[in-house]
Structures are given as structure tokens and as C-alpha cells.
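Engineer: Next come the chains, spelled out residue by residue.
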Amino acid sequence: MDWGALRDYLGGVNKHSTSVGKVWLTVLFIFRIMILVVAAEKVWGDEQKDFVCNTLQPGCRNVCYDHFFPISHIRLWALQLIFVSTPALLVAMHVAYRRQEKNQQFGNGEKIDIEELEDEKVHIRGPLWWTYTSSIFFRLIFEAVFMYVFYYMYDGYQMPRLLKCNAWPCPNVVDCFVSRPTEKTTFTIFMLAVSGICMMLNLAELCYLVIKICMKEPRKTT
Amino acid sequence: MNWAGLYTVLSGVNRHSTAIGRIWLSVIFIFRIMVLVVAAESVWGDEKSAFTCNTQQPGCNSVCYDHFFPISHIRLWALQLILVTTPALLVAMHVAYQQHQEKKLLVLTGHADAKHMEEVKKHKMRISGSLWWTYVCSVVFRLLFEAVFMYIFYMLYPGYQMMRLVKCEAYPCPNTVDCFISRPTEKTIFTVFMLVTSSICIVLNMAELVYLVVRACARRSQHNSNPSSGKSSFYGHKHSSEYKQNEINQLLTEQDGSLKDMLRRNSGLQEKGDRCSAC
Chain C
1 MDWGALRDYL GGVNKHSTSV GKVWLTVLFI FRIMILVVAA EKVWGDEQKD FVCNTLQPGC
61 RNVCYDHFFP ISHIRLWALQ LIFVSTPALL VAMHVAYRRQ EKNQQFGNGE KIDIEELEDE
121 KVHIRGPLWW TYTSSIFFRL IFEAVFMYVF YYMYDGYQMP RLLKCNAWPC PNVVDCFVSR
181 PTEKTTFTIF MLAVSGICMM LNLAELCYLV IKICMKEPRK TT
Chain P
223 MNWAGLYTVL SGVNRHSTAI GRIWLSVIFI FRIMVLVVAA ESVWGDEKSA FTCNTQQPGC
283 NSVCYDHFFP ISHIRLWALQ LILVTTPALL VAMHVAYQQH QEKKLLVLTG HADAKHMEEV
343 KKHKMRISGS LWWTYVCSVV FRLLFEAVFM YIFYMLYPGY QMMRLVKCEA YPCPNTVDCF
403 ISRPTEKTIF TVFMLVTSSI CIVLNMAELV YLVVRACARR SQHNSNPSSG KSSFYGHKHS
463 SEYKQNEINQ LLTEQDGSLK DMLRRNSGLQ EKGDRCSAC
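Chains as they are written, first to last, in this note's numbering: chain C, 1 to 222; chain P, 223 to 501.
Hints were generated in silico from the structure; no laboratory data involved.
Zero decoy hints are in this set.
The calculated DSS-like cross-link candidates involving lysine-lysine, where the alpha carbons are at most 27 Å apart (straight line), are: (1) C/LYS102 - C/LYS212; (2) C/LYS49 - C/LYS184; (3) C/LYS102 - P/LYS344; (4) C/LYS164 - P/LYS389; (5) C/LYS102 - P/LYS343; (6) C/LYS42 - P/LYS270; (7) P/LYS270 - C/LYS164; (8) C/LYS184 - C/LYS164; (9) P/LYS270 - C/LYS184; (10) P/LYS344 - C/LYS15; (11) C/LYS15 - P/LYS346; (12) P/LYS346 - C/LYS102; (13) C/LYS49 - P/LYS389; (14) P/LYS337 - C/LYS102; (15) P/LYS325 - C/LYS102; (16) P/LYS343 - P/LYS326; (17) C/LYS49 - P/LYS270; (18) C/LYS212 - C/LYS15; (19) C/LYS15 - P/LYS343; (20) P/LYS325 - P/LYS337; (21) C/LYS102 - C/LYS216; (22) P/LYS346 - P/LYS326; (23) P/LYS325 - P/LYS346; (24) P/LYS344 - P/LYS326; (25) C/LYS15 - C/LYS216.
Predicted model, so just to flag it, every value in this text is computed and none were measured.
Model the full structure from these sequences, guided by the hints.
Structural biologist: If you want it as C-alpha cells, here you go:
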């Protein structure tokens with residue numbers, strides 16, 4: 001069960017999304033998940049091994065690494081991507097439920113073509129509109145929360161080259177050097193920028209859905 | 223055979239589960255198995271190589287690591303996930319057995335064409351009769367395994383927090399030696415995360431159990447308050463296709479109501495009264 005399986009899980013949702021939703025899903029998979037897997041994981045691969053402190057004191061390096069990196073960027077991004085993609089499953093479940101209801105109608109003798117049933121794009125209206133809007137809302141919330149967690153944990157988005165550590169058992173204050181700080185800063189900013197783009201896409205989708213429903217309402221009443 | 227293989231095996235069960243069962247399966251695959259594979263395994267990846275003791279004594283490192291970590295968190299979670307997902311296979315086996323019975327019946331009653339056979343494979347089994355008991359047992363086993371593993375975790379690693387420093391005096395370490403664990407905070411975060419998702423799964427399983435019991439009681443009270451449904455209203459007619467339907471219904475008396483529904487749909491006949499008397 002890895003990112004490929006998540007892509008298969010979510011691929012079905014793509015059919016029932018708006019065009020903005022489809023763009024968002026593509027950005028998520030290509031510019032975030034793929035970059036994480038093919039590039040970022042290698043950059044952070046030796047983060048602890050090459051975290052070097054200016055001391056021979058056993059245990060000091062471990063303790064200082066743990067103090068400055070309570071949770072690694074890579075893991076935080078992995079959790080962020082999992083949480084951000086999961087609300088789409090609410091939509092998938094709702095669509096599956098609607099399909100099941102239609103299947104039961106077919107079971108009661110009404111004539112509905114089976115092929116039409118499976119290929120038909122479900123229109124986003126009624127209770128499905130609410131599920132879809134809630135899923136976008138949750139995506140936005142999760143993105144914002146993770147961006148804040150990043151900012152709070154790492155005091156901004158830049159990776160320092162040198163950290164000064166005096167946690168026990170380090171004797172006095174010890175200089176510790178982070179491996180590949182510039183490359184890490186580059187990728188952090190990249191992931192931040194793509195996260196910002198995803199948030200904008202989600203906001204645009206939200207506005208689009210609200211405007212669509214508002215335009216339908218006056219048409220109904222006139 | 224890896225997690226993807228398990229996913230393939232279990233996704234077939236999904237079709238015959240309740241809605242809560244499907245949510246449970248999604249939580250297991252996305253928030254537990256996937257997090258384990260993409261995140262937790264790399265956190266624990268260097269647990270032994272970065273376990274450092276303040277001594278030059280050969281063997282002390284290995285002995286202390288072994289003393290404090292008899293079985294790694296990652297392996298315990300893998301075992302837990304495998305044991306917790308396997309009871310669903312009981313349901314899969316029972317469903318396969320019922321489908322086999324339905325196919326046999328179709329052959330007996332002369333409906334053994336390709337279309338009916340396909341429909342046997344595709345239609346969702348109703349969770350009633352013996353399948354209900356199998357399903358309930360599988361949910362109870364899931365609950366049991368989750369609880370047992372949470373207890374094992376608590377016993378092996380008192381509390382759920384990973385220490386930064388452990389003091390070790392196992393032979394051949396000279397006196398008491400300080401040993402430092404790698405990434406203790408990150409490990410604590412993931413331990414707490416997996417604990418929370420495990421609790422969510424326990425709550426979902428309990429909700430599913432309650433739902434199944436309540437539904438069975440509701441069906442039973444509906445059946446008790448409506449005894450004139452089913453076969454008895456059927457025997458008045460002399461029409462030959464309805465006699466044929468009688469025959470089929472008699473054969474199907476002990477079977478699950480879903481096959482009756484299927485045949486009824488296809489022969490275009492309507493049975494009077496309530497559908498399932500065998501539920």
C-alpha cells in the first residue's frame with residue numbers, strides 16, 4: 001500500500017470532480033507526491049547520518065538531532081498529503097451510495113440501461129453538492145494547519161546550516177551541522193509554493209461551486 | 223505477497239460489508255497501512271544503527287538494544303494490521319460458499335445461463351442468516367485483536383512514550399551505561415498517531431456491532447408482527463408460471479432472500495407480501 005495505491009483509490013473520484021478539481025488532483029499527484037518520492041526523500045535520506053556535531057560525546061548527536069527535528073519534513077509532508085487527499089473519499093462514498101440507490105431502482109423493475117449507469121457522470125447537486133463542498137473545505141483546513149505546523153516547528157521555512165545545542169549529555173554548547181541545508185531549503189520552498197497553489201485551486205473551486213448554485217437558484221424561482 | 227496483495231484480497235470483501243465496515247477498511251488502508259509504509263518505516267529504519275551507548279565495550283550496544291526493544295514497534299504494527307484484517311476473510315469465504323450454493327441451485331432449476339451466473343457473482347449478499355453470524359464473529363475477533371495488541375504495546379513499552387535515554391547494565395556492559403535512542407520524539411508522535419487510529423478503528427467496530435444487532439432485532443420484530451407474508455399468500459393461483467415460482471420458492475426456503483429477489487426480477491413476477499421470510 002503506497003502512493004500508487006492512493007492514486008488508484010482516488011482516480012475514481014476524478015470522474016466526478018469539477019474541472020478545477022481535476023487540475024487540483026493532477027497538481028497533487030505530479031508536483032507534490034511525485035516530487036516527494038523521486039526527489040525530496042533522497043535529499044532527506046541521510047539527514048540523521050550526516051548530522052554532525054562537534055563533539056565525541058556519545059549520545060550528544062542523537063539528542064541534538066531529536067531536539068531540533070522533532071518530526072522530519074518528509075514525514076510531515078507525507079502526513080499532509082494523506083490528510084489532504086482523504087476528503088475526496090467522502091465524495092467517492094457518496095457517489096457509490098447514489099449508484100447503489102439507482103441499482104435498487106433497476107432491481108424494482110424500472111428500465112435503466114446498465115452501461116449508462118456506470119459511465120454516467122454524477123451531477124454535483126443536492127446532497128452531493130454539500131458533501132463535495134465539505135470535502136473542499138476540509139482540504140483547505142488541513143493544508144492551512146500543516147503549513148502552520150511547519151512554520152511553528154521550524155521557525156520559518158529556511159533550513160539553518162549550523163545549530164547550537166546544549167542538551168544533556170552534550171558538554172556545554174556544541175556546534176551541530178545540518179546536511180544539505182540549501183537543497184532542503186529549496187525543496188521546502190517548492191513544496192510550500194505548490195501547497196499555496198493547491199489552496200488557491202481549492203478556493204477557486206469553492207467559489208465556482210457557490211456561484212453555480214446561486215445562479216441555478218434564481219433560474220428556478222423565475 | 224505484500225501490503226498491495228493484502229489490499230487486493232480484502233477489497234473484494236468491501237462489496238459485502240456494511241457502510242461502517244467500508245469506512246473501517248478505508249481507515250485501515252489509508253491511515254494505518256499507508257502511514258506505516260510511507261512514513262513510520264523510515265522513522266524506525268535506523269533504530270539499531272543509530273542506537274548509541276556511551277561505551278566502547280563490544281557487544282554492549284547489541285545487548286542493550288535487544289534488552290529494551292524485544293520486538294520493534296514496526297513489526298508489532300505489521301502483525302497487528304495483518305491479524306486485524308484477516309477476520310474479514312471469514313466473511314469472504316462464507317460469501318464464496320453461498321455463491322457456490324446459489325450457482326448449484328441455478329443449475330438445478332434450469333436457470334444456468336451465463337447472465338444469471340454473472341449476476342450471482344456480482345450481486346451484493348444480504349447480511350442475514352448464517353452470514354450475519356459469520357460477520358458478527360469477524361467483527362468481534364477484530365475488536366479482540368486490536369485490544370490485545372494495544373495491551374501488548376502498553377506492557378512492552380510502558381506508556382506510549384519513547385525515551386531519549388535508557389540506562390543499561392546487562393552483561394557485557396561495564397556498570398551502568400547510558401544509551402541513546404534515535405529520533406525519540408518522532409517515534410512518540412507516530413506511536414500516538416497509530417494509537418489514535420487504532421482507537422478509531424475500535425470505535426468503528428463497536429458501532430458496526432451495535433448496528434448489526436439493532437438491524438437484526440428490527441428485522442425479527444418486523445417479521446413477528448407481519449406473519450402473513452411469504453409463501454402462504456401465494457398458493458391460490460393456478461397459473462403455470464406461478465406454480466413454477468412456487469417450486470423455486472420451495473427450493474429456496476432455506477436460502478438467502480437475495481437469490482429469490484434475483485430470480486423474481488428476471489422472471490418478472492411479483493411475490494405478494496414481504497420479500498424475505500428466511501431472514
